[in-house]
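*Asks:* Chains as they are written, first to last, in the UniProt record's numbering: chain A, 1 to 395; chain B, 1 to 395.
Read the hints as simulated data drawn from the structure, not as lab findings.
Hints may be right or wrong, so weigh each one.
The list treats identical chains as interchangeable, and a pair is accepted whether it falls inside one copy or across any two copies.
Derived pair list, reagent style DSSO-like, types lysine-lysine, alpha-carbon separation capped at 30 Å [what the hints assert, rightly or not]: (1) 25 <-> 237; (2) 103 <-> 357; (3) 25 <-> 363; (4) 96 <-> 237; (5) 209 <-> 357; (6) 357 <-> 78; (7) 209 <-> 363; (8) 178 <-> 88; (9) 25 <-> 97; (10) 237 <-> 319; (11) 249 <-> 45.
There are 2 protein chains.
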Amino acid sequence: MADNTVYRASTTAPVNIAVIKYWGKRDTALNLPTNSSLSVTLSQKSLKTHTTASCSSSYTGPDTLVLNGELEDIQSSKRTQACLQVLKRFRRDVEKKDSSLPKLSDMPLRLVSANNFPTAAGLASSAAGFAALVRAIANLYELPHSPTELSKVARQGSGSACRSLMGGYVAWRAGSAKDGSDSIAEEVASVSHWPDMRALILVVSADKKGTPSTAGMQTTVETSTLFPTRANEIVPKRMAAIEEAIQAKDFPTFANITMMDSNSFHAVCLDSWPPIHYLNDVSRAAMNAVETINRRAGEPIAAYTFDAGPNAVIYYQEKDETSVAGVFRYVLQAVGGWDGEYGAQIRPNERGGLESKTFMTLKAGVSRVICTGVGGGPEQTDQHLVDVGGRPVTA
Amino acid sequence: MADNTVYRASTTAPVNIAVIKYWGKRDTALNLPTNSSLSVTLSQKSLKTHTTASCSSSYTGPDTLVLNGELEDIQSSKRTQACLQVLKRFRRDVEKKDSSLPKLSDMPLRLVSANNFPTAAGLASSAAGFAALVRAIANLYELPHSPTELSKVARQGSGSACRSLMGGYVAWRAGSAKDGSDSIAEEVASVSHWPDMRALILVVSADKKGTPSTAGMQTTVETSTLFPTRANEIVPKRMAAIEEAIQAKDFPTFANITMMDSNSFHAVCLDSWPPIHYLNDVSRAAMNAVETINRRAGEPIAAYTFDAGPNAVIYYQEKDETSVAGVFRYVLQAVGGWDGEYGAQIRPNERGGLESKTFMTLKAGVSRVICTGVGGGPEQTDQHLVDVGGRPVTA
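Taking the hints into account, I'd like the entire structure generated from these sequences.
*Replies:* See below:
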């Protein structure tokens, strides 16, 4: 008697933006990093990946993934295969212990995934993507593993994905074991511990796609003469200091470390051979604006950070909304995004003392904003992207 | 019987552009550097300071300096005073040994100085300026000191000035003595050893003056976490390697070290707190153009380097003139400077494979070029900027 049931489970997973940057692998197959990192998980109201994992003995052919309506080639993606194989093994272990369970591990998977933000925004979606993939399959398979245990799986898909399995403030411990067994993510503070952290993202139009981060970080590991100092000496100190700042909700310290670590990361990129540039004149104008805002305030009330691209992410606390986001809203009133989460409440401030060049460069170079803040981890949902017949649901 | 003679001596002194950068002082009063550096002295046909030192017992009042027609306040310039006091002491020692000599050390100095390039070009003129000042006074005083001995004096005026007292390829040894007695410049190779080194300077219009180098380098020393590695570990290795490359006239090695050291210097600037930015999008377009030219050639035939500003200095060998300078001449045919020394002979090449963005950014951002090359040290001249009556000569 054939069981033709389509088993389904769905989740959403958040984007995270590091304040201590992950840059450099000590093992490229297992995605083991050269240094620990720490990120803030961002609210899923603005940015999330929604993924449904389904399986059925009625499915034929190999496992498939439809991402934003397009069939992805996951057969030749070592990273995706690594995740799927580990999760199927975990399910097999569960099935072995209880023979009454359906043999999901033998059924082909149909995965459907969609982002609620345009890929064109230039935001790294792979973290949310792999976190959602792993979380959805873990839900489908009813795995008993904790988010931290699953973080080892997600890490193999995309390093920073391990940090998107939790909400709030998340550390990825580099670990030292060769097999990666101690390279795990863990929540260092929950959203509720420090809920008023906001993030304003300035989306900067880049004329061309820069160096992909996977290639870039290995160029840095192999060629930057300053990188070992960063990875071995500087980052460990910053990790300890920023965790303390987060526990104490000490924003000025959090801000300074965040900005310094972003600069250190881009410094080792410039010190790579050939040099890697992610920051452009618009990014530097955003840095300058934050410096001006902080100087005016007499203490750091805003912190910029930049990933592998020119977009600025500016952290601030809700109480400083007008002094920080209000200035950017004044400068960038013409661009889209102010109607999103947390955006509507931001009142345009005056110019905030910005130099005319900074003002003009931001105005000309920022194409949209995203108004978000710290948020929770993946959320299970009944909204499935695969129908009961196993067909993708068009959004 | 009063001797009213106006004693005069004149010299020109060159600009130098470092390939291993001086950035950071271990003693700010004596201008002692944290690391050794190495530069190429540039031809004085394009860039020089012309200085006349004069003294006379008929002069009244304090020592004066007229620079480019403007009276400078040298009384409150500790750096200038340091140079003048040491040189007067040297003269006094000479006079003590031979009482027949006129007592020039007791006479007020009138110094007149002029650059053959506009200050607006954004080229650091302090190196040529202090080298010319020291050399002119040493000539006036008929001091027996060698250029290397005088380099200790010029260094107190402006660190990099010590390298402008010699031609060709000049090393400034950081030294370790507290009094700076071993912090000296010396020629590591003469112009004639490797005469076909050319330099194309792309003058980039900066919208505002960036961080002054004296302040900037101390910010780096005090705050950059990556700086100690650069100063203590990386630069010493590069100094040895580039000296070897210069002796062997090995341009590819010379070029790679030059570019890497420029990047390392700007990396520690970015790693400073607050971060220091000298490179802008036009600078990065110049780097990109050099990378493209080198990739096309299959080996490094051009080397960029950037001082404390956005201007690019591009070194190449005369044999590669068309492949390097010719590409820039094609892109920048509309700007001035191609009629200068070495410029007239540069034939416009085709576009050289430059990406359209690089092409457009250079075209929009470079305001003029200077076509120069390696050159000799200071040259004594009979063209005095002070007349026999002690009055400044208007050029």
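*Asks:* Next, verify each hint and record whether it holds.
*Replies:* Hints and how they fare:
no., hint, verdict
1, 25 <-> 237, "both (19 Å within a copy, 26 Å between copies)"
2, 103 <-> 357, "neither (63 Å within a copy, 55 Å between copies)"
3, 25 <-> 363, "neither (37 Å within a copy, 39 Å between copies)"
4, 96 <-> 237, "neither (45 Å within a copy, 60 Å between copies)"
5, 209 <-> 357, "both (25 Å within a copy, 12 Å between copies)"
6, 357 <-> 78, "neither (46 Å within a copy, 34 Å between copies)"
7, 209 <-> 363, "both (21 Å within a copy, 22 Å between copies)"
8, 178 <-> 88, "within (23 Å within a copy, 67 Å between copies)"
9, 25 <-> 97, "neither (36 Å within a copy, 69 Å between copies)"
10, 237 <-> 319, "within (29 Å within a copy, 50 Å between copies)"
11, 249 <-> 45, "within (24 Å within a copy, 61 Å between copies)"
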